[in-house]
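Novice: Please arrange chain B on chain A, whose structure you already have, making use of the hints.
2 protein chains.
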Amino acid sequence: MKKSIGAQALAFLSPVWIVGTYDHEAKPNVMAVAWGGICCSAPPCLSISIQKVRYSYQSIIERKVFTVSVPSEEYAKEADYFGIASGKNVDKFSHTGLTPVRAELIEAPYVKEFPLVIECKVIQALDLGSHTQFIGQIMDVKAEDSVLGENELPLVEKVKPIVVGAKIWTYHGIGKYLGQAFSMGREL
Amino acid sequence: MKKSIGAQALAFLSPVWIVGTYDHEAKPNVMAVAWGGICCSAPPCLSISIQKVRYSYQSIIERKVFTVSVPSEEYAKEADYFGIASGKNVDKFSHTGLTPVRAELIEAPYVKEFPLVIECKVIQALDLGSHTQFIGQIMDVKAEDSVLGENELPLVEKVKPIVVGAKIWTYHGIGKYLGQAFSMGREL
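For the protein sequence lines, the chains are A and B, in the order given.
Using the numbering used here, the letters of the first sequence correspond one by one to residues 1 to 188.
Using the numbering used here, the letters of the second sequence correspond one by one to residues 1 to 188.
With the rest of the complex left out, here is chain A (with noise of 0.2 Å):
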């Protein structure tokens, strides 16, 4: 039996992505994003949505670029405290002990230590509400050799990603491998 549970932004599962940027003192800087996906295949796009309030968002309106890096399960505790505390206070590097590294084809940072990055330049903001959603046009994606199978693509049991039920803001690993897409469901 299903029960309603009212209108809230709540749907399973979202990814756990660090977003970085360089503020205006080009001081390098980290958030976490829960509310974000890939959203186009040509030109490759993903999107992240931001609250105005939040440092990096002034950051990115004024560079028109960010990085996401994608955090591995051991960097959990690291990749959380990117979503609690803010780059106008502290050096979220420094305190963590990880280490930016500049883009290479834009002008921001990534976290060095996480397995794979995507390197973004933003093409539309949409303010809708609360969030603003920046999309951000793929220009790079660099993974660590260590994480690469067959065809250069990188595997989900090496990259190890974290993600996140909304609202109730449970993190999680990667389980048990279910099958292949655009392959199982020919059975049926």
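Simulated from the structure, these hints should not be mistaken for laboratory data.
Careful, some of the hints might be misleading.
[Claimed, not checked] Mimicking EDC-like on lysine to aspartate or glutamate, the simulated pairs with C-alpha atoms at most 16 Å apart in a straight line are: (1) Lys158(B) <-> Glu74(B); (2) Lys3(A) <-> Glu104(B); (3) Lys3(B) <-> Asp140(A); (4) Lys3(A) <-> Glu74(B); (5) Lys167(A) <-> Glu157(B); (6) Lys2(A) <-> Asp145(B); (7) Lys112(B) <-> Asp145(B); (8) Lys167(A) <-> Glu150(B); (9) Lys176(B) <-> Glu157(B); (10) Lys2(B) <-> Asp145(A); (11) Lys3(B) <-> Glu113(A); (12) Lys2(B) <-> Glu104(A); (13) Lys3(B) <-> Glu187(A); (14) Lys3(A) <-> Glu187(B); (15) Lys2(A) <-> Glu187(B); (16) Lys3(A) <-> Glu113(B); (17) Lys2(A) <-> Glu152(B); (18) Lys2(B) <-> Glu187(A); (19) Lys167(B) <-> Glu152(A); (20) Lys2(B) <-> Asp140(A); (21) Lys2(A) <-> Glu113(B); (22) Lys77(A) <-> Glu187(B); (23) Lys3(A) <-> Glu150(B); (24) Lys77(B) <-> Glu152(A).
All values derive from a computational prediction rather than experimental measurement.
Specialist: Frame of chain A; chain B shown alone:
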């Protein structure tokens, strides 16, 4: 060492969402999307991206509503089938034996057997290239009694949602609990 793997629609992880619509003859239809995510808290909104050639595209353009049904991992095969077959040629509900239920607040069907359902009204449509991004304002969320925990919120461990890795296209269940968001980072 990080290696460039090019500009492609690749960022881990994506949700597996089943989008429900009625076509022009009021036949219930569903399709699987991986390009999507929550994009605003107030008003609560999520986005899904669909190619113009998909049968569901026209239904959403015409009716400006859709549901998202979140399948549990036991339905991975059906979810994948929903992404392969076209509602133009087949009745995906009768083919899989799953049950369409008309949503309460909007004119669109959801999948009865799936534990979490979101009813959405389209408030923006953004042509990005290969895909059109539809932003849906969440009008209601419905969950099976059996997946609710305290505070009447669905638990990730009970919903057992599926995630998928872009490009590598592997489906995965949920793994171990890593901690609580907005909490575990406070230790740092």
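Novice: None of the hints should be skipped; say for each whether it holds.
Specialist: Verification of the hints:
no.	hint	in the structure
1	Lys158(B) <-> Glu74(B)	12 Å, holds
2	Lys3(A) <-> Glu104(B)	11 Å, holds
3	Lys3(B) <-> Asp140(A)	10 Å, holds
4	Lys3(A) <-> Glu74(B)	21 Å, violated
5	Lys167(A) <-> Glu157(B)	14 Å, holds
6	Lys2(A) <-> Asp145(B)	6 Å, holds
7	Lys112(B) <-> Asp145(B)	13 Å, holds
8	Lys167(A) <-> Glu150(B)	12 Å, holds
9	Lys176(B) <-> Glu157(B)	9 Å, holds
10	Lys2(B) <-> Asp145(A)	6 Å, holds
11	Lys3(B) <-> Glu113(A)	13 Å, holds
12	Lys2(B) <-> Glu104(A)	11 Å, holds
13	Lys3(B) <-> Glu187(A)	36 Å, violated
14	Lys3(A) <-> Glu187(B)	36 Å, violated
15	Lys2(A) <-> Glu187(B)	38 Å, violated
16	Lys3(A) <-> Glu113(B)	13 Å, holds
17	Lys2(A) <-> Glu152(B)	12 Å, holds
18	Lys2(B) <-> Glu187(A)	38 Å, violated
19	Lys167(B) <-> Glu152(A)	11 Å, holds
20	Lys2(B) <-> Asp140(A)	12 Å, holds
21	Lys2(A) <-> Glu113(B)	10 Å, holds
22	Lys77(A) <-> Glu187(B)	8 Å, holds
23	Lys3(A) <-> Glu150(B)	14 Å, holds
24	Lys77(B) <-> Glu152(A)	27 Å, violated
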